[in-house]
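Engineer: Each chain, letter by letter, is given below.
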Amino acid sequence: MKKITSYCRITDHQVILNGNKLNIAFSGDTGSSRLTEIYRYLDAGYAKFHKMDNLSKAGFLASEMVLRSLDYDLEIPDGSTSVVFANKSASLDDDKRFQETINPNNYYPSPAVFVYTLPNIVTGEVAIRNKILGETSFFILEDFDAKKMHIFIDWAFLSPGISRVLCGWTEYLDGHCDVLVMMVEKDSPEGMDFNTLNINQLY
Amino acid sequence: MIFKLSDNIVSSLGFTTAANYKAVLEGKSGITPGKDAAGNPISISRIDAGKLDATFQDTFHVKEAYTLAEQAMLLSAHIAIQEAGINASSDRTCFVLSSTKGNIHLLGLPSHDFGKDRVHLWHTAKLLAGFFGNPNFPVTVSNACISGACAQIAAIHLLEQGNYDHVVVTGMDLAPDFIVSGFQSFKSLDQERCRPFDARRKGLNLGEAAATIVYGKEKKPGISLVKGSIRNDANHISGPSRTGEGLFRALQTAMEDLPACEIAFISAHGTATPYNDQMEAVAFSRAGLGSTPVFSLKAHFGHTLGAAGVLESVIALKALEQGLVLPSTGFQEPGIEGEINVSKSLSKTDKRFCLKTLSGFGGCNAALLFQNAL
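These protein sequences, in sequence, are chains A and B.
Numbered by this note's numbering, the letters in the first sequence go through residues 48 to 250 in order.
Numbered by this note's numbering, the letters in the second sequence go through residues 1408 to 1781 in order.
FYI, nobody ran anything at the bench for these hints, they're computed from the structure.
Just so it is clear, CB atoms sit at the ideal spot from N, CA and C, and this is done for glycine as well.
There could be a bad hint or two in this list.
Among the chain A residues that face chain B by a calculated CB cut under 10 Å, a handful are [stated by the list, open to error]:
id: 1; residue: Ser103
id: 2; residue: Gly126
id: 3; residue: Val130
id: 4; residue: Asp190
id: 5; residue: Asp192
Computed footprint of chain A on chain B; a stretch qualifies when at least three of its residues, placed anywhere within it, have a C-beta under 8 Å from a C-beta of chain A [claimed, not checked]:
id: 6; segment: 1502-1515
id: 7; segment: 1526-1540
id: 8; segment: 1636-1645
id: 9; segment: 1649-1656
id: 10; segment: 1766-1772
Here chain B stands alone, though its shape is the one from the complex (with noise of 0.2 Å):
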């Protein structure tokens, strides 16, 4: 078990958790409209390049370019770094990061002047540490979608280890070309905005994010990440379970003995593909948890790859703390065959615990039990 001392978003609806919670609370969405490389109309949700090298200037003063992906990285490090009071450069501190593709539109410039190795995830995560003076050669997940759930279950190894005191878990994922012609490709994109678990659902939204969680190994009151666990579907590398295998074997090993009463909410991987969500209705309902609440962020957000576990961890973590069960935004017409208890408004809760789950390619899935101790 380890305790989450501080945390930051930087998207589309801000660049402070405070900006994105209350735009949540409020029911808004980052996700609108734009186009992809061939000029077809999707709908994105973008993080402000220009707000944020301004923000990012500002905050940092440095003479070195960075690209705007490890711009939005090293900001929301630095943001909740400072919320922790943590000694960042200090070698009991480590550094995870979690992304999918990190630079990967260098591959698209005709020439840039970030050298060759700018675009590797290892650069990426070394520079993030080498930024804050840390001399710990950071851990650098990628693990496609489920990626910001492993990078948390790598924080509950190295604190639990003693290795370390704090550790600092980034999820990091933009959406340039390269990603929106994939995901286009697949035919998996919503050109409106995504409706989770709803019976219109035609697919996901693309997001762009950075999220960080700072979590300490000194017991404290508060949110602590409990338990976590991977498990892969072994069924299909893009096109997830019909019987949810992964998914369900994740929540039984997170849950282990703790009663399916004791979950005030699932924040759920709910990307609004057909499949995905029918997928994790069926795994939710296998693990006992078919009445409980379930909620997705993606159409305040869009799917952020990478930076999803570790964003939607945060959002759920305050709704947790608050005692509230958000709503499943953009849910209208139940479309999920079988049981499943999708939330429909904010509601209060009395219990402890939650759930977040994610699933992705590869046939991987994640499931992160939290609780929020007195």
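The shape of chain A in the complex, shown without the other chains (with noise of 0.2 Å):
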């Protein structure tokens, strides 16, 4: 029985770590200087966060708390685990910072930029801050849709030597976060179901 063992929802109000309301008073009114806070608050030391765009900065902080709430040990290369999200915007926010870059009036396009023109890159600044050699994907669907996201979550499991799964939705576009990100492992004892409902809760 697979279950959820870990997660953290972040919204433009709120951040929710295994059910507990984190106690930070976003002062910010713009979703990025929001997650200044949020990295603030854990005082994570990770200088490559100010490099990233905005949807990495809120999939790697939603990914820096659950598996800190884990014990992780980031230094130790691990094939076991895969990164799984799903958004609807893709890199859609990214995007348009880009293509204000390429303006044939003001064009002075930024590699810096240009790399976070892809949804997946989310799933690559986990993978390198936590070592992690399993698969990474990235979905996109229409909406928030739990059913789907259990199905290709557990798709991830089908590959060989992988126990557990960082998964969830991770969407952020012009300035409003929407982000659950759940560990899932299979056989272990403690957590909640992996099922449709659970995620749906959570969420």
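With the hints as a guide, bring both chains together as one complex.
Structural biologist: Spelled out as structure tokens, the structure:
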């Protein structure tokens, strides 16, 4: 039986880790300033964070909280964990930023912005941070859909040697953050059952 | 294991698999001189937009307007569906779309009549399934340059889990200013035609394409997709790993117990950037594939991003069917350290398996294992 052993939810108003609302008083009024406040609260000490686009920041922060709550050792190369995220808007938030840099009368395309115009970069950022060598995948859905996500996450467990999947919904667009990251583990004695009902409840 | 029923490629080299495969055998390239948005010279493989629109209108006689990206995708899917003879509107058929940027060119238009949802990949996928009257919500994968492999792996799961009889996998990406300027800013483009695995390789060319494979779950002789695997390098978001860790692991899980001597060839990613090609050689060698013939198709089609995994599988599978190992076009002087057997000329093989590999931004790598069964 697969179990959800930890989860983190980030919205525009609050951060919830395993049912507990974190004591972060958002003072910033933009999505990106709120993400920076979460980063400071976590004291993550990871300079690469500041280079990330907002989608990667949001997915990174939620993943960071989930893995910390599980005492994950991010120094050991890990071939048994996969990362599977999904969202609605892919990398459109960063796509718009990049588009502004290639207007004919103001043309200065930046590789640092361009590299984030792919939704799966967030899965790569999380893999790099935590030395995760399993699968990384990104799916696009019209809306949050627990049933579809349950199917995609289950697929990742079919690959040989994969015993847990860091997964969920990582949506960020136009200043709005909507993230649910979960750790799903095979054969875990603890945690809540990994099913559509529970995914919907956490969301 | 799932079974290939039909396929199609819409690219600069033609709108059928036969035309594209013939062009490859004749050593032709669709890569021609062009300009980027700032007027710098580039080499690029573009679909003939006028010819595509004319073919699209002749084929479908529809009133609604479709973007060029949608036309390429729909035409490719249509041709493959016709050839397979499947019922695309059945609830036992599912569509899978592989694309990195889909209709992203819409962001650069001052105004258009397509509506605000049209730029979204979920919309493109819904339009694909809806066009053929399919009632199922399509699967959309967007995993950078390995998307075309991920889409085929999704097809394995969809078919093996028993809810579907047929899966239509379509990959599509064009090369609008958005993408060209991004790769230009990375300084990863070769102004001339690219030279994968060659000592003088300087970078990649971009390419436009849509490609489709229709898979079924009913066992049949011919080509099957045996297994696929995706693994991350956990190294860098835009730089290939020096140890080829992710690709090595993807190959290991895709091959499992199959000895390397059973593999006819590897259709590699081979983008012709200095680091990618070197990384692949390290991974192949580590996986015991140092003497297996390797070729890249990028000098024919350019790098077609989300379409690449499907397009290059289609060409590789034609070669496997005919017992041929293709030459790696653009390769002249060995320029890779370590053990790699880059295919120099067309040769025959009686082996029945081949590998397709891909690597992409975000550190992701994929390997697909195909078989040609009698």
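Engineer: Could you tell me which of the numbered hints above are not met by this structure, giving the numbers in increasing order?
Structural biologist: Per hint list: zero violations.
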